[in-house]
Amino acid sequence: MIHLPPESAWSVLLSTAHVLAWCIYVGGAICMELVLRYAQTVMKPSQIAVVCQRSGKRYRWWSLFCLIALLATGIPLALQHPAAFDPTTARGLVIWILCGLWIVQMTILGILSFRIHPDMHARLTTDMSPEQMQAERARVGVAIVRMDRTVRFELFCAITAMLAGSFLHLDSVAATGS
Amino acid sequence: MQWLVLLTGFIHDLSLATYVGGAVAMEFILLPAQNAIPPAQAQIMGEKTSERFLILVWASLLLILVTGIMRFYFRGFIGGESLFNPPLTLAFAYGRTALALFLIWLALAINGLIITFVLRPRLTEKMTPGISREQADRNRNAKMSAATWIQHLSRVDIVLAVIAVLLGAALVRGGLF
Numbered sequence: 110m111i112h113l114p115p116e117s118a119w120s121v122l123l124s125t126a127h128v129l130a131w132c133i134y135v136g137g138a139i140c141m142e143l144v145l146r147y148a149q150t151v152m153k154p155s156q157i158a159v160v161c162q163r164s165g166k167r168y169r170w171w172s173l174f175c176l177i178a179l180l181a182t183g184i185p186l187a188l189q190h191p192a193a194f195d196p197t198t199a200r201g202l203v204i205w206i207l208c209g210l211w212i213v214q215m216t217i218l219g220i221l222s223f224r225i226h227p228d229m230h231a232r233l234t235t236d237m238s239p240e241q242m243q244a245e246r247a248r249v250g251v252a253i254v255r256m257d258r259t260v261r262f263e264l265f266c267a268i269t270a271m272l273a274g275s276f277l278h279l280d281s282v283a284a285t286g287s
Numbered sequence: 153m154q155w156l157v158l159l160t161g162f163i164h165d166l167s168l169a170t171y172v173g174g175a176v177a178m179e180f181i182l183l184p185a186q187n188a189i190p191p192a193q194a195q196i197m198g199e200k201t202s203e204r205f206l207i208l209v210w211a212s213l214l215l216i217l218v219t220g221i222m223r224f225y226f227r228g229f230i231g232g233e234s235l236f237n238p239p240l241t242l243a244f245a246y247g248r249t250a251l252a253l254f255l256i257w258l259a260l261a262i263n264g265l266i267i268t269f270v271l272r273p274r275l276t277e278k279m280t281p282g283i284s285r286e287q288a289d290r291n292r293n294a295k296m297s298a299a300t301w302i303q304h305l306s307r308v309d310i311v312l313a314v315i316a317v318l319l320g321a322a323l324v325r326g327g328l329f
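First to last, the protein sequences are chains A and B. Using our numbering, read the first sequence as starting at 110 and increasing by one per residue. Using our numbering, read the second sequence as starting at 153 and increasing by one per residue.
Extracted from the complex, chain A is given alone in its bound form (with noise of 0.2 angstroms):
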């Protein structure tokens, strides 16, 4: 009943791989942005810390079993044309773009991870005079709008990436490699 010879079989498998580990990177980015945002306007700032600290933790997992993934699927499935990783034809370039975006991401998760959410925790004792407690508050609040900004800088190139890897279906492309 299956119409597809093994070796095809094997592409196919690597493909739907590969698309699945995008859709839940990029479809995951979006979905925080846009929905987890909106929802914050409505709910208290206890219950917004509470939230985003599950969810954050929970999404870098998901991120970086997804760009693993990708890693792991995207270059077998590259390896399949002649020439691949040749920058001198548009394939070969498009795949180079799309490893830069790759680093770019993974650079950024781990910022994410061991930088920006370890800043976002206030900490505040019951020795600390008002003005440093105040100070925290602050420094917590400027940690806030970096996430904010490098959670947005991460949707743009994920999406940039997704834009890169439209070229690589092109049937002109796809074909003659040039």
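I should point out that these hints are in silico values taken from the structure, not numbers from a laboratory. No residue lacks a Cβ here, since even glycine has one placed at the ideal position from N, Cα and C. Careful: at least some of the hints might be erroneous.
Unchecked claim - List time: in silico DSSO-like cross-link candidates among lysine-lysine, alpha-carbon distance up to 30 angstroms:
#	chain 1	residue 1	chain 2	residue 2
1	A	K166	B	K200
2	B	K200	A	K153
3	B	K295	B	K278
4	B	K295	A	K153
Said to hold, decoys possible - Some chain B residues close to chain A (C-beta under 10 angstroms, calculated; not the full set):
#	residue
5	F162
6	T170
7	P184
8	N187
9	E199
10	W210
11	S306
12	F329
The hints should help you fit chain B onto chain A, whose structure is shown.
Same frame as chain A, but now just chain B:
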């Protein structure tokens, strides 16, 4: 023409990503986060997230259909002397796979209609003051039942969307069955 092909391909991919990734994010990222806050706040968050997500769902479904048809048209599979041209006919694996994709789109649209116009209004219905205890219990049970059904349908949607991605990947290589 080549730019139009690129644009429709990009919008198609972006809409698919919004639908599939959004559904996964709602189910596996936002729902657990929602369960971590008090029920009253969780209800407000649930209402707002589903309100915005439904807009994204309908925009994505519509764009997936329109750009999908345009992609067939640009390849010359639609239009001309007959409506559907080879290989977009049931005699070819390509056509049968495309039909399966359309049926999945239809199922997703029907699920979306049920959630938008049947289940969600039940969930957001406000209780009127002065109703009897039995009526209040009935309303609460109806809300809980609607919430459970929305969760079941959302999971069915995720499974269908994953199958659609598989079929779409097979379509690029000539069709699956």
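Review point. Does the nearest C-beta of chain A fall within a distance shorter than 10 angstroms of the C-beta of B:T170?
Key: Holds. Min distance 5 angstroms.
Point to revise | Hint check: 10 angstroms Cβ-Cβ cutoff, B:E199 to chain A | key: holds, 8 angstroms
Review point. If you draw a straight line from the CA of B:K200 to the CA of A:K153, is it 30 angstroms or shorter?
Key: Holds, at roughly 14 angstroms.
Check your understanding: Given the hinted pair A:K166 and B:K200, is their alpha-carbon gap at most 30 angstroms?
Key -> The given pair, whose Cα atoms are some 21 angstroms apart, holds under the 30 angstroms limit.
Review point. Taking the closest Cβ pair, is B:P184 under 10 angstroms from chain A?
Key: holds, 6 angstroms
Check your understanding: Hey, B:K295 versus A:K153, does the alpha-carbon distance stay inside 30 angstroms?
Key -> Roughly 24 angstroms separates the two Cα atoms, so the pair holds.
Point to revise | Cut-off 10 angstroms, beta-carbon criterion: hint that B:S306 touches chain A | key: violated, 13 angstroms
**Study point:** Hint check: 10 angstroms Cβ-Cβ cutoff, B:W210 to chain A
**Key:** violated, 14 angstroms
Practice item. For the hint on B:N187, just tell me whether its beta-carbon gets within less than 10 angstroms of chain A. Key: holds, 9 angstroms
Check your understanding: With a cut-off of 10 angstroms, does the beta carbon of B:F162 approach a beta carbon of chain A closely enough for the hint to hold?
Key -> holds, 4 angstroms
Check your understanding: Should the interface hint for B:F329 be scored as holding, given a Cβ-Cβ cut-off of 10 angstroms against chain A?
Key -> Holds. Min distance 5 angstroms.
Review point. Going straight from one Cα to the other, do B:K295 and B:K278 come out at no more than 30 angstroms?
Key: Status holds; Cα separation ~10 angstroms.
Going down the numbered hints, you'll see the structure goes against 10 and 11, while the others check out.
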